[in-house]
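J.: Kindly produce the complete structure, drawing on both the sequences and the hints.
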Amino acid sequence: MLTIDKAILDAIVAHARRDHPDEACGVVTGPIGTDTPTRHIAMENVERSQTFYRFDPMEQLRVWREMDDLDEEPVVIYHSHTATEAYPSRTDVSLAGEPGAHYLLVSTREPDVTEVRSFRILDGVVTEEPVKLVGSGDELAVQSYMFGQTPTTVDYECRG
1 MLTIDKAILD AIVAHARRDH PDEACGVVTG PIGTDTPTRH IAMENVERSQ
51 TFYRFDPMEQ LRVWREMDDL DEEPVVIYHS HTATEAYPSR TDVSLAGEPG
101 AHYLLVSTRE PDVTEVRSFR ILDGVVTEEP VKLVGSGDEL AVQSYMFGQT
151 PTTVDYECRG
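The numbering used here puts the sequence shown at residues 1 to 160.
No lab work stands behind these hints: they were computed from the structure.
Note that beta-carbon positions come from the ideal geometry of N, C-alpha and C, so glycine has one too.
Any given hint could be a false lead.
Unchecked claim - Pair by pair, the computed Cβ-Cβ distance ranges are: (1) ARG18 - ARG39: 17 to 23 Å; (2) PRO21 - ASP69: 33 to 39 Å; (3) PRO57 - TYR87: 23 to 29 Å; (4) PRO111 - ALA11: 15 to 21 Å; (5) THR91 - ALA11: 31 to 37 Å; (6) THR127 - TRP64: 34 to 40 Å.
T.: Quick look at the structure:
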């Protein structure tokens, strides 16, 4: 299960909306071994594409070195899908290179609905996981997000 602070999720969604119609991408780091996402880093999609993302190699090198210096690791790797559901494409699966990371996808295909889903991707196997928001302080705040594959399987869980 991905447990993430509402403020970080809000920043990810804002980044995805800001970069639309291009895919947005970034990482959320956390202390090594904790599985706790604490630092959001919006990164540049050098492809500037509606269907593909790629971190700027120099920016990625800088961020990964920074993580090493701070004893952090990538806890969440995220990107947006601009015209499809928030589910990893074959390309996303083939490029998933951080076995311990949560892969968070945001669909911006609907302007008034924010679809957010999290996955583990290991050896080409995609496993969806629940998302738990913390730190919102407002139990109703989670209603702006759609977690899960369809509205009938939405998982709203929020702890204040």
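J.: None of the hints should be skipped; say for each whether it holds.
T.: Results for each hint:
1. ARG18 - ARG39: 17 to 23 Å: 19 Å, holds
2. PRO21 - ASP69: 33 to 39 Å: The hinted range 33 to 39 Å holds for PRO21 and ASP69, with Cβ atoms some 35 Å apart.
3. PRO57 - TYR87: 23 to 29 Å: 26 Å, holds
4. PRO111 - ALA11: 15 to 21 Å: 19 Å, holds
5. THR91 - ALA11: 31 to 37 Å: For THR91 and ALA11 the Cβ distance comes to about 25 Å; the hint is violated.
6. THR127 - TRP64: 34 to 40 Å: 25 Å, violated
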